[in-house]
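Participant: In my numbering, the protein residues as written are 4 to 240.
Each pair of labels, with its calculated beta carbon distance range:
(1) 65 - 206: 50 to 60 Å
(2) 25 - 229: 44 to 54 Å
(3) 232 - 69: 46 to 56 Å
Keep in mind the hints are simulated off the structure, nothing from the lab. Quick reminder that beta carbons are idealized off the backbone N, C-alpha and C, glycines included.
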Amino acid sequence: GVGVAYTLTVRDLPDTAADFARRIDLFRKWLARRGAYYDHWCIEWTKARRPHVHGMTFVDPARVGQTFPLDLVEAWLSLTEDLGTLPRGQHVAAANGIEGWLRYVSKHAGRGYAHYQREKDALPDGWQKAGRMWGASRSFPTTEYKVHLDKEGWFRFRRLVRSYLVAEARSSLHEAERRSDHHKAQMALKSLRYRRSMLSRNTRAVAEVRGLSEWAPQDVTEQFILYLGAGGHVRPD
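Throw the hints in and build the complete structure from the sequences for me.
Facilitator: Here it is as structure tokens:
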């Protein structure tokens, strides 16, 4: 189908988490009626302690016309008009592929509990038990790979992926500097610093089980697994 990415916001805080979840459910039912094959979404919190929804959906091309982005926003506005929702706070854009969304979800999942979008003490009163912070349609396609890694293989795999991600960020930084794009250069530098330290934690026990916390392309990770397999560090299930 045709990929569509969206960000949906509200001005005022809903009374309860259940109320906000109900609105999201009604919105997803609207998407289904408009020919959505599948969708995936997650909730984030702004520093002003307001929830907003990021999502991606794939829709039947025959059902997507020039008015679809406006229709999507109108559907959300009608569901949240009592919360003072404004059109300028919404964003809908075409999505050519899913990798950008996977990168975002990976970064979101890698945030620690101290992050303001995760810390329970930072949530409004009555929202400490906010329920599910993400969801996906049952038809959303998944692919599962199973491998058995010994401890040494696990450490080597993480280092390989980190080296790849650091090199990718360094390349982006050099390209931004070559183009004198100061904004992208700052973003690339921030990414480079984060990726260099993404496996580091103050506690050794935590550091040893730390995940990648950053999206790496599937073909790259598969190549690293094959490389480790050739050295006897990984056994396909």
